[in-house]
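Enquirer: Listed below, chain by chain, are the residues.
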Amino acid sequence: MASAGRFAGALAAVALVEVLLGEVLPAAANVVELFVLLVILTSLRGNSLHGLTGGLAAGLVQDTLTASLFGLHSLACCVVGYAVARASQRILTNQRMVAGLLIAVGVMVHQVLVIGLLTVLDIADVDPDVLVVLSRALLTSAAGLAYLWLAGRLREWAVRRRTLAARRVRSK
Amino acid sequence: MRRLRTVSWQLAGSALALSMVGLVLISSAELTAGYVSRQSLWIALGVVVMLIAALVDYTVLLRYAIWIYVVAVLALAAVTFFGHEAGGARSWIGIGGLGGQPSDFCKIATVLLLARRLADSQAPVPPRGGLWVTVAICALPVLLIARQPDLGGALMFVPALAAMTAVTGVSLRSALVAVGAALALVAGLWVFALQDYQKERVLSYFQPQADPLGSGYQVRQSRIAVGSGQALGKGYGEGTQSKLRFLPTPHTDFVFAVLAEEYGFAGVTLVMALFLLYLGNGVRIALAARDPAGLLLVVGLLAFLAGYVLYNTAMVVGLLPITGIPLPFLSYGGSFMLFCCAATGLMIGLDLRRFVNI
Chain A
1082 MASAGRFAGA LAAVALVEVL LGEVLPAAAN VVELFVLLVI LTSLRGNSLH GLTGGLAAGL
1142 VQDTLTASLF GLHSLACCVV GYAVARASQR ILTNQRMVAG LLIAVGVMVH QVLVIGLLTV
1202 LDIADVDPDV LVVLSRALLT SAAGLAYLWL AGRLREWAVR RRTLAARRVR SK
Chain B
14 MRRLRTVSWQ LAGSALALSM VGLVLISSAE LTAGYVSRQS LWIALGVVVM LIAALVDYTV
74 LLRYAIWIYV VAVLALAAVT FFGHEAGGAR SWIGIGGLGG QPSDFCKIAT VLLLARRLAD
134 SQAPVPPRGG LWVTVAICAL PVLLIARQPD LGGALMFVPA LAAMTAVTGV SLRSALVAVG
194 AALALVAGLW VFALQDYQKE RVLSYFQPQA DPLGSGYQVR QSRIAVGSGQ ALGKGYGEGT
254 QSKLRFLPTP HTDFVFAVLA EEYGFAGVTL VMALFLLYLG NGVRIALAAR DPAGLLLVVG
314 LLAFLAGYVL YNTAMVVGLL PITGIPLPFL SYGGSFMLFC CAATGLMIGL DLRRFVNI
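Protein chains in written order, with my numbering: chain A, 1082 to 1253; chain B, 14 to 371.
Everything labelled a hint here was simulated from the structure, so no lab data went into it. We treat Cβ as the ideally placed atom computed from N, Cα and C, and that holds for glycine. Just so you know, nobody snuck in bad clues.
Partial list, computed: chain A residues near chain B (C-beta under 10 angstroms): (1) S1129; (2) L1133; (3) G1136; (4) L1141; (5) L1150; (6) L1153; (7) S1155; (8) L1156; (9) C1159; (10) V1160; (11) Y1163; (12) L1198; (13) D1203; (14) I1204.
Quick list of simulated restraints, FRET-style, between CB atoms: (15) B/D70 x A/G1233: 30 to 38 angstroms; (16) B/D70 x A/A1089: 17 to 25 angstroms; (17) B/L292 x A/A1223: 50 to 58 angstroms; (18) A/N1111 x B/A136: 47 to 55 angstroms; (19) B/L292 x A/G1197: 30 to 38 angstroms; (20) A/G1086 x B/R141: 23 to 31 angstroms; (21) A/N1175 x B/A179: 48 to 56 angstroms; (22) B/P140 x A/D1206: 52 to 60 angstroms; (23) A/G1233 x B/L283: 52 to 60 angstroms.
Modelling step: build the complete structure from the supplied sequences, incorporating the hints.
Expert: Here you go:
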């Protein structure tokens, strides 16, 4: 349940950032797919149920916040979350380059799904720009890698601090 | 995922079959482009939601039922301030585009909390408050939904509460108190919550011929649609009542009238058989549930869905006053479809955990 709480907190933070970006810099809000990044980072641990649930929750929030059709991003995020979780069960995702690649592929799959659903279901006229899709995938991947690097550094720092504190107690 | 292979697929199969029938009816009654594609998207998402609800352990949901309920009620309260208006009711939450209806989410949250509380009431040390707290848990969302105003949605909590308390076992005195409270609630809703058009609809139920072009219009047109279907119906896309826009909302609340008009008695029998298969399987799952909370959870969800089916079909043929109550799996609507699929998934989840030791 702690992981669910962490995910809920992260989702709330992402939603807040999206709303603020949408108000201040509307163009920047579409550059990085923060909701998809959150879903992929959650699914990287390899739990397919967490991938599905996280995808549904993040997608529903994204559908509510953006002017898109209710259910569009939810379905796409669910598929991405499940696929990334299944992939993570088979490959080593603790290597940052692999994780980065998985994030980039996940974002591209999400984009293709959203565009595909809009086209197949004849909901809206879409004119997909390959460059935009690729740059979004790259930037989201870079943001994901930056997060993973920062999280790794923080974890190392916390371990070092705990070790130093233990040494100090022992020396006393 | 492997565990899902042990589940009886009749429940999910009947739900999917009903959804497909609904899709055909919506495509037949389609007045504006895009309804079928949206409903298809929601059915696909509904299948995913069903899968998630089946895989999540219901005991975990019951453990955190109070928090789920609090979030749902807060979302419902938020509708009062940020809600979008749709069909005369302030029930859609969304900042950019159209979002879901939190009242549908609140139904599951309420059933979860009621199931937990009523199951605890059978323990050696029952929780405090007795029946009053149980009624209050149900009354809070009912009042919020009625305030939107969505009378139909609020009304559907009554069969769920009644069925769950009846299964738990209540004394005659408590039952009489509950009936009295329900009557007081109805009187309160009539005086404080109901809009004039809703009161007219209720009054037109008693005298549908009094105002055939006003408050009695919908029920009159609906009866014509149902009656004109006869034994085999007029055929796909041939329903004049829906095509010529005599029926006001043929794709949502009056989808059953479209079914009766285009597929006649045969189509109605088939759909009713599918509903019976669905509800029968639900009862089987309830009887095989491993604990009282599971039994109560299935009973509550089934009572909700059965209430919707009974009220909608009775409303369409003029046996009950017209209010915005959709037909599960058949009517057009995203969050209602997700509610139905989540309820089905929870029941499947209970079914696959029936042999698991606590």
